[in-house]
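Make the full structure from the sequences, and use the hints.
Protein sequences appear in the order of chains W and H.
Reminder that position 80 of the first sequence reads as 80 in my numbering, one-by-one numbering, no gaps.
Reminder that position 176 of the second sequence reads as 176 in my numbering, one-by-one numbering, no gaps.
Each hint should be verified, as a subset may be incorrect.
Claimed, not checked - Looking from chain W toward chain H, a few residues come up when the C-beta cut is under 8 Å (computed): (1) Tyr3; (2) Ala19; (3) Ala20; (4) Ala21; (5) Gly28; (6) Pro55; (7) Ile64; (8) Leu74; (9) Leu77; (10) Asp122; (11) Pro125; (12) Gln128; (13) Arg132.
Claimed, not checked - Counterexamples of contact, computed for chain W against chain H with all Cβ distances above 10 Å: (14) Leu4; (15) Leu5; (16) Leu9; (17) Val80; (18) Arg86; (19) Glu87; (20) Arg88; (21) Thr91; (22) Gly93; (23) Val104; (24) Leu107; (25) Ala119; (26) Ala137; (27) Ala157.
If you're looking for bench data, these hints aren't it; they were derived computationally from the structure.
This one's a predicted model, so the numbers in the text were calculated from it and none came from an experiment.
Ideal Cβ positions, reconstructed from N, Cα and C, are used throughout, including at glycine.
One-letter residues, chain by chain:
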Amino acid sequence: MRYLLFVPLVLFVALGQVAAAPYFPLLGVTANPLLVLLMCWTMVRGSRETMVLIPLAGTFKDLITTDPAGASVLALLPIVPLAAIRERWPTEGEFVPTLAAVAVASLSYHLVYMMILTAVGDGPPWLQSPTRVILPAALLNALVTPIFYLPVRWATALSEMVRPGMRVAG
Amino acid sequence: MRTLVWLLVVGLLALLGIALSQLGALDPFKNGALTVASPLERGLRAAASPAADFFDNVADRQDLEEENRLLRQQIEDLTAEIARLKEDQFMAADLAELAEVENSRPDDQFLVARVIARDPSNLKERLAIDCGSDDGVSEGMVVMSEGASLVGVTSKVLDDFAWVTLITDSNSNVNAMVLESRAQGVVNGSLHDGLHMDLIPQDAEVEPGNTVTTSALGGNFPQALLIGQVASVRGEAQDVFKKAEVQPAASLSRLENVLVLTSFTATRLESP
Numbered sequence: 001m002r003y004l005l006f007v008p009l010v011l012f013v014a015l016g017q018v019a020a021a022p023y024f025p026l027l028g029v030t031a032n033p034l035l036v037l038l039m040c041w042t043m044v045r046g047s048r049e050t051m052v053l054i055p056l057a058g059t060f061k062d063l064i065t066t067d068p069a070g071a072s073v074l075a076l077l078p079i080v081p082l083a084a085i086r087e088r089w090p091t092e093g094e095f096v097p098t099l100a101a102v103a104v105a106s107l108s109y110h111l112v113y114m115m116i117l118t119a120v121g122d123g124p125p126w127l128q129s130p131t132r133v134i135l136p137a138a139l140l141n142a143l144v145t146p147i148f149y150l151p152v153r154w155a156t157a158l159s160e161m162v163r164p165g166m167r168v169a170g
Numbered sequence: 001m002r003t004l005v006w007l008l009v010v011g012l013l014a015l016l017g018i019a020l021s022q023l024g025a026l027d028p029f030k031n032g033a034l035t036v037a038s039p040l041e042r043g044l045r046a047a048a049s050p051a052a053d054f055f056d057n058v059a060d061r062q063d064l065e066e067e068n069r070l071l072r073q074q075i076e077d078l079t080a081e082i083a084r085l086k087e088d089q090f091m092a093a094d095l096a097e098l099a100e101v102e103n104s105r106p107d108d109q110f111l112v113a114r115v116i117a118r119d120p121s122n123l124k125e126r127l128a129i130d131c132g133s134d135d136g137v138s139e140g141m142v143v144m145s146e147g148a149s150l151v152g153v154t155s156k157v158l159d160d161f162a163w164v165t166l167i168t169d170s171n172s173n174v175n176a177m178v179l180e181s182r183a184q185g186v187v188n189g190s191l192h193d194g195l196h197m198d199l200i201p202q203d204a205e206v207e208p209g210n211t212v213t214t215s216a217l218g219g220n221f222p223q224a225l226l227i228g229q230v231a232s233v234r235g236e237a238q239d240v241f242k243k244a245e246v247q248p249a250a251s252l253s254r255l256e257n258v259l260v261l262t263s264f265t266a267t268r269l270e271s272p
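Here it is, written out as structure tokens:
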């Protein structure tokens, strides 16, 4: 039942990323709201739901962009194993490990994505990419994390209050 | 274990999807998805537009914005006009070249297309237009701004939509010429570092403010299509070639409509 709400929400974010994100460049790059949302989701609610959302949202995004269908899915896959950061983080609290996870997910996203583009003959210049895209994008995605983390956190807390024991296991 | 299985299954399916995409088997799905998504995208973009404008220009945004838009349009129109006049001057001086230009550039026919989306990837500079193969667009067609300056080339064409690779894309290369000195070179896009004109002979006179247009070399672009203006020139005396930074004439980040040049067939697309 919850997927009736979650799937349209994530697809809407994917659509918003294509429609609006390119018009808000910062540090020379644009944020990846889909990646940030899915990483926050995984850190707060566990990976079970994300395992359904990643293939759907990634495929949808690829269908409305120039990417080969499946490229974003592959690039978003590391989000699920990255949830382990939460368990291994030495201090209490979810926010700081979420920031770290978003930054790492952003790095891995671009690396996988660049490998795919190179494999299909559309590769970007690898030498320039780390300083001009990969690192600024990781920083920007970490900067916009609170915008997604807080609503996910509040919504989860709210659902736990309404229905105790609803928290999804990772 | 469950995660590992999931990673393997989804990873393999994604690889299959990529392979099918490369074969063009998923193009109908892409066309369908864009058909459904493009009105929503337009709505979202229109809703985000005020914020984007605010982001662009915090103070006095409405007046400055309009004024800036008009001035940019005027600059682009006038620069394109200057480029055309300069080209006319050169052509008048050289009848042989005139004949060549006339042969290489028949009466231009354009298709007006609306920009419906930009690729959100930080690694690509591409935009989607609402015309596709059903409208007569094919891959490799030259795309221009309303001010008649070069925007890019269609790189992926679906039934009702097409993706345009902008001249600022890191995979874009355009044979170009500095109008004032007739110096030839290649205008390359780069990763978030604007346009560069490379391979300019060291002895060529190139100065900031010079006009850069396409050259007919290679046959992939019509001659004398405005690209932009030289912003700065780099290169030491011992270098083999000079390099110039080029300011694109078209406002590539804010395009709303473009013209697809349907009457020109690039050499690489002509059948043998």
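Evaluated hints:
no., hint, result
1, Tyr3, "16 Å, violated"
2, Ala19, "4 Å, holds"
3, Ala20, "4 Å, holds"
4, Ala21, "5 Å, holds"
5, Gly28, "5 Å, holds"
6, Pro55, "5 Å, holds"
7, Ile64, "5 Å, holds"
8, Leu74, "4 Å, holds"
9, Leu77, "6 Å, holds"
10, Asp122, "7 Å, holds"
11, Pro125, "5 Å, holds"
12, Gln128, "5 Å, holds"
13, Arg132, "5 Å, holds"
14, Leu4, "19 Å, holds"
15, Leu5, "18 Å, holds"
16, Leu9, "14 Å, holds"
17, Val80, "6 Å, violated"
18, Arg86, "14 Å, holds"
19, Glu87, "13 Å, holds"
20, Arg88, "15 Å, holds"
21, Thr91, "24 Å, holds"
22, Gly93, "24 Å, holds"
23, Val104, "16 Å, holds"
24, Leu107, "13 Å, holds"
25, Ala119, "8 Å, violated"
26, Ala137, "5 Å, violated"
27, Ala157, "25 Å, holds"
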